[in-house]
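J.: For the record, the sequence lines run as chains A and B.
Following the UniProt record's numbering, the numbering of the first sequence begins with 1 at its first residue and continues without gaps.
Following the UniProt record's numbering, the numbering of the second sequence begins with 1 at its first residue and continues without gaps.
One should not assume that every hint holds.
Note that the list lumps identical chains together, so a pair holds whenever it fits in one copy or between two copies.
Claimed, not checked - Calculated pairs, EDC-like style, for lysine to aspartate or glutamate (alpha carbon to alpha carbon, straight line, at most 16 Å):
{"id": "1", "residue 1": "K94", "residue 2": "E29"}
{"id": "2", "residue 1": "K83", "residue 2": "D34"}
{"id": "3", "residue 1": "K80", "residue 2": "D32"}
{"id": "4", "residue 1": "K83", "residue 2": "D98"}
{"id": "5", "residue 1": "K15", "residue 2": "E29"}
{"id": "6", "residue 1": "K83", "residue 2": "E29"}
{"id": "7", "residue 1": "K94", "residue 2": "D62"}
{"id": "8", "residue 1": "K80", "residue 2": "E111"}
{"id": "9", "residue 1": "K83", "residue 2": "D62"}
{"id": "10", "residue 1": "K94", "residue 2": "D42"}
{"id": "11", "residue 1": "K80", "residue 2": "E50"}
{"id": "12", "residue 1": "K94", "residue 2": "D38"}
{"id": "13", "residue 1": "K15", "residue 2": "D62"}
{"id": "14", "residue 1": "K39", "residue 2": "E84"}
Hints are computed from structural coordinates only; laboratory data are not their basis.
A quick note: this is a predicted structure, and the numbers were derived from the prediction, not measured.
2 protein chains.
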Amino acid sequence: MSTASNPNSNSNIAKTPAPPYYAVIFTSERTDGDNGYDKMADRMVELAAEQPGYLGNESVRDSNGVGITVSYWESLESIKNWKENPLHLAAQRKGQTDWYQSYAVRITRVERQYFL
Amino acid sequence: MSTASNPNSNSNIAKTPAPPYYAVIFTSERTDGDNGYDKMADRMVELAAEQPGYLGNESVRDSNGVGITVSYWESLESIKNWKENPLHLAAQRKGQTDWYQSYAVRITRVERQYFL
C-alpha cells in the first residue's frame with residue numbers, strides 16, 4: 001500500500017496527491033426518468049475538470065438511483081469557485097427542482113489516504 | 001435546504017449531526033466473483049454500526065463493480081478503533097488478497113454540509 005499518490009495508472013480511482021487537500025462528497029437519490037439529467041451530468045463532469053484546483057472525481061450510481069460522487073480539490077477556494085460557476089449554478093437549480101429527491105453535500109478536508 | 005442534521009427521515013442518506021465530524025471515503029474496484037464478499041460486507045456494515053463514535057454509512061456499487069462507501073464518525077480515535085477491530089482486520093486482509101483489484105481509503109474531516 002502507498003500513502004502518497006495513487007499508484008494505479010488505469011483505474012476509476014482518482015489519482016490524488018498527498019494530503020492535505022479537499023473532497024466534496026455528494027450523495028443523492030434521483031427522481032424517476034432522465035429529464036435531461038444524463039447529458040447535464042456528463043457536461044458537469046467535463047466542466048469541473050476544467051476548473052482551477054480540480055484534482056479528480058469518482059462517481060457511482062446503482063440501479064436504485066442512489067449515487068455517490070466525490071470530487072477532489074486543492075483548496076476551499078477552488079470548491080467555492082466551482083459552486084458559483086454560472087453553468088453549475090443552473091445545474092444545481094435543476095437538480096433541486098427536477099433531478100433529485102434528496103441529496104447531501106459534505107465539504108471535507110482529506111487528512112490521510114492509502115491505496116491498494 | 002438545511003445546514004444542520006439531515007431532515008430526510010426515510011432515505012439512503014446518512015443522518016449526520018452538525019459538523020465537525022469525520023468521514024472515511026472508501027472507493028474500490030471488485031474482483032470477479034463473490035468469494036464470500038457479500039456476506040462479509042453485510043457483516044461489516046452491521047459491526048461498524050455497533051462501534052463507539054459511529055454516525056452513519058452510505059454505500060453504492062454499480063454494475064461494473066466500482067463502489068463508494070462513506071462511513072461517518074465522531075472522531076479520528078473512533079476511526080482508528082474501528083480500523084483495528086479484529087474482525088475488521090481479518091476482512092481487510094481478505095479484501096487485499098481476494099475481493100478488490102484496487103481501492104483508496106481517505107480519512108477526512110467534514111467542515112460543512114447541506115441537504116435537500
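J.: All the hints need checking, so say for each whether the structure fits it.
T.: Quick rundown of the hints versus the structure:
no., hint, in the structure
1, K94 <-> E29, "within (14 Å within a copy, 31 Å between copies)"
2, K83 <-> D34, "neither (23 Å within a copy, 39 Å between copies)"
3, K80 <-> D32, "neither (30 Å within a copy, 39 Å between copies)"
4, K83 <-> D98, "neither (19 Å within a copy, 39 Å between copies)"
5, K15 <-> E29, "between (27 Å within a copy, 14 Å between copies)"
6, K83 <-> E29, "neither (20 Å within a copy, 29 Å between copies)"
7, K94 <-> D62, "neither (21 Å within a copy, 24 Å between copies)"
8, K80 <-> E111, "between (20 Å within a copy, 13 Å between copies)"
9, K83 <-> D62, "neither (25 Å within a copy, 26 Å between copies)"
10, K94 <-> D42, "within (14 Å within a copy, 35 Å between copies)"
11, K80 <-> E50, "within (15 Å within a copy, 36 Å between copies)"
12, K94 <-> D38, "within (12 Å within a copy, 36 Å between copies)"
13, K15 <-> D62, "neither (23 Å within a copy, 20 Å between copies)"
14, K39 <-> E84, "neither (20 Å within a copy, 43 Å between copies)"
In this structure, the earlier hints numbered 2, 3, 4, 6, 7, 9, 13 and 14 are contradicted, and the remaining ones agree with it.
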